[in-house]
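Engineer: Keeping their order, the protein sequence lines are chains A and B. Residue numbering for the first sequence follows full-length UniProt numbering, starting at 1 and increasing by one per position. Residue numbering for the second sequence follows full-length UniProt numbering, starting at 1 and increasing by one per position.
The reader is advised that the hints may include incorrect statements.
Identical copies look the same in the list; a pair holds intra-copy or inter-copy alike.
Here are the simulated EDC-like pairs of lysine to aspartate or glutamate, each with C-alpha atoms no more than 16 Å apart in a straight line [unchecked claim]:
1) 9 with 538
2) 9 with 391
3) 100 with 541
4) 242 with 115
5) 17 with 541
6) 510 with 276
Treat the hints as calculated values from the structure; they're not laboratory data.
Protein chains: 2
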Amino acid sequence: MSNISALQKARYSYQPKLPTALRGDITKITCSMGAPTESIADQAEVKALFENTYGAPIARFTEGSNDFASKTINAGVILSGGQAPGGHNVIAGIYDALKKANSSNKLFGFLRGPDGIINGDLVEIDDKFMNEYRNTGGFDMIGSGRTKLETEEHFEKSRKVCEANGINSVIIIGGDDSNTNGAVLAEYFKKTNAGITVVGAPKTIDGDLKNEYIETSFGFDTATKTYSELIGNIEKDANSAKKYWHFIKLMGRSASHIGLECALQTQPNICIISEEVEKKQMTLAQVVEDVTQVIVKRAARGDNFGVALIPEGLIEFIPEVGKLIAEINDLLAHDADEFAALEDGEAQKTWLAGKLSAEAAPVFTSLPAGIQAQLLMDRDPHGNVQVSLIETEKMIIEMVGKRLKELKAEGKYNGKFSTQAHFFGYEGRCAFPSNFDADYCYSLGYSAFILLAQGLTGYISNVAELHKPADQWVAGGVPLTMMMNMEQRHGHMKPVIKKALVELDGAPFKLFASQRDKWAVETAYTFPGAIQYYGPTEVCDQPTKTLLAEKA
Amino acid sequence: MSNISALQKARYSYQPKLPTALRGDITKITCSMGAPTESIADQAEVKALFENTYGAPIARFTEGSNDFASKTINAGVILSGGQAPGGHNVIAGIYDALKKANSSNKLFGFLRGPDGIINGDLVEIDDKFMNEYRNTGGFDMIGSGRTKLETEEHFEKSRKVCEANGINSVIIIGGDDSNTNGAVLAEYFKKTNAGITVVGAPKTIDGDLKNEYIETSFGFDTATKTYSELIGNIEKDANSAKKYWHFIKLMGRSASHIGLECALQTQPNICIISEEVEKKQMTLAQVVEDVTQVIVKRAARGDNFGVALIPEGLIEFIPEVGKLIAEINDLLAHDADEFAALEDGEAQKTWLAGKLSAEAAPVFTSLPAGIQAQLLMDRDPHGNVQVSLIETEKMIIEMVGKRLKELKAEGKYNGKFSTQAHFFGYEGRCAFPSNFDADYCYSLGYSAFILLAQGLTGYISNVAELHKPADQWVAGGVPLTMMMNMEQRHGHMKPVIKKALVELDGAPFKLFASQRDKWAVETAYTFPGAIQYYGPTEVCDQPTKTLLAEKA
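Working from the sequences, and respecting the hints, build out all of it.
Structural biologist: Now the structure itself:
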């Protein structure tokens, strides 16, 4: 039996759409360079750390001429961090541009993420290999990894591996951390005259690598459409059976962009936005009360069913819970032996209750027993609470259920509360890229090649005006230092690309906030259905609602 | 904001494909009737219970003439039981045929399932109402319910409701139980000269309403394609990250058709088939050992990742666990007060250990503590263990993990075992029907109308030759008594439609069995991707692999 599905076979022949400036003869493209740039904050500190690459101008591609045909460019590409749909198309874009420019150019894939460039694990990509992965999801073509490329030892090893293989350009496909490291690597190579350029591409389904220039990270479109398909199906089920409240946790710890986009697509009864919870300094009890009140209102209409979206990172954004977790981490770090000697879970809870601050103790007590146990038991090798293992959706269900019982006893609620819990994450990270992500990623890869062929380094490949049809997209590169500021990391100030959280005065959140009270009580579910790759353009080629709202 | 998605809007204008015999002028269709039929078993008993409807011939539609235009047919339709994609298209098929035959005919929808016909809750369906639900998923158009229409009181109430509304035909869209009850209702109406005909349509995502005549129940195609999309995405993720074993439980308690179909579509490392476990009289330890051995073999190749599919009903098919559950149910029914007086979970376990038989006691002991607790705590109003709440996927993970530790200690395993658990069910029951289900359901509805317009009763609408393009499908009706045998239900022998389990000598299972050892060790994942409604026919219009194997 073949293991190539009918859709995969059909997708092989999909030709991703490029911006007009990138179509036609690749030797007729040039870079139009803007004025020198500054970092978004802490300019002096960032400049001092990036002496050789700071302040480079924004590049935009225009018609002109270049010397690509006369150069030999051997590039190596790295997939860094979690999977996002479209990674293979970035590679395809690089590959096609590189071979078009000069058929003797070579593209290598570093295997299993940054480890590949450090350890010299790489493979040359040829037509046959490339064609097996065009327009497919996943990072299985060359693998990915989470090693952080950040020490001088890593950089030196990488330099030697590149030299040994004749590689003069490196493309790092990754999130904010990986691109930060890419900028540091670019600076290092420039400072040491290694003759190797470094260009990044913005990847993450979480959508938190985004700013004035980067309109969206790739993968966000496909992942949120996949989750929205499932949420819509569950809404349809809830509205047909009329007997369950479905609580759906969505992947993405550091920001709530995924939840917000899915809410705009599916119009659920509840969607918690972590950034709002933090901004309003809400307590856990307040979060629970808000959810409870929606359930009470719907029950009063006879609707004992609903759908609630919960971002994976919620509890870290609730200030009092964040403090509680920090206190537990501190206490257990200081008194690890004492804690380890305790007989059982009950003894641990008693011990902890005696040590927690007056603010933290009642928060701990308010948590369901299972969550209390999880905070004490599931700890990482450094002894820290493993927030990602906490089943927030079940915690909310339990606390809301308790609150509803109280209200029932008071005669303020007379409904039924039957629940189903879901977690969507792995389902969307490796879907076949939507047409949008297929086109966007291919354009990002194509642009990345032109940047490095022009000798630019420390840039991130950039494709903008994404709310328009692909032919009207604007392509080029933005210097990575421009997106940086200084932030505390592990006790030290470091230059980093600023993470984009959901902005409460941004258009997507405001759109959601203007509708949510209506969605809460009424049943205004929207059913996006499965991602379509063929068919009417309004079905197949739309960007996210987040992007459309931001560009409106 | 509109709550109609772009896909929903586009699907409104999809015109489902009909078999050639149903195209064209509806007054030019007639029924060709076969020879009298017999029930599949227990002919004398079934005949005695269906004196007025037993033995009717199979009907096939052919060119001819009929008197539909001169008759007034007012029909009422019921959606019964769990949601399945395509239910709305059955209604659309009935509606369009009924209005074509005579524009003064009326179609009513009974609301919220069988309760609607019992209590006289119904709504007339008009163009506008119908058009909002064409080619959409869910049962939200008129709602569904799980009331069993089976007592004489129900039948009498139903008769009065039909009479009061001038309804002379009832269509029941449901699974094996609902169609069994439909046959009993048809017999009752015939016996009492009520002048009301009853026709069924075969619905269930589980795929267990299937026999020589019914090639598949509707909804199975869409649901399994939706689950396969998600399983394929997770396989892609597993093969990219190479760090997790994903255990995926799939909805469907009474049979493993869903797991088998998904396995044929996605080629996972493991797929447990409950019917095989039962046939081979496997113990729980053996099931765990089989899974463990695949993990050990893959670890030996350096592959510490994989995907395993687990049918929801597994534990009831493991003979010793089935017996254990029966014993617990018996013990707790007899000694409910004694049990209730026990202090805590530990006391309950000790009490139970002293009461269980010598066979059942070690099975209980072998279960993870969480599952033991669940067997004692989560009980339905009748005191029975709630099998559907047992997290089988987590039970298997825990038991396999324990076994792997033993093997590691013996030096027979040296891998890592990190896991993720998933349950897919609600995600697929209400998806937009695939083109196959959209066409099949519309044809089933269209056929149902012709059957009842011909005055036939006690039939199930039937569309066959489904492995061919829709124009070559063969439509007609099969008498429900033909599919019946006598089975014990709640202590009494009753006539029922035989449930179709996975047959170990059937072509789909044999195909799976011929490949699974290869899939277990190698990584032969297939990624079906999202259901496509537009695009190449090999992507959009294929029936399930189960159906293709059975008809090959």
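Engineer: Evaluate each hint against the coordinates.
Structural biologist: Quick rundown of the hints versus the structure:
1. 9 with 538: between (24 Å within a copy, 10 Å between copies)
2. 9 with 391: neither (38 Å within a copy, 37 Å between copies)
3. 100 with 541: Result: close neither inside a copy nor across copies, 27 Å intra and 38 Å inter.
4. 242 with 115: between (51 Å within a copy, 15 Å between copies)
5. 17 with 541: Close inside one copy (11 Å), not across copies (27 Å); limit 16 Å.
6. 510 with 276: within (12 Å within a copy, 55 Å between copies)
Of the numbered hints listed earlier, those contradicted by the structure are 2 and 3.
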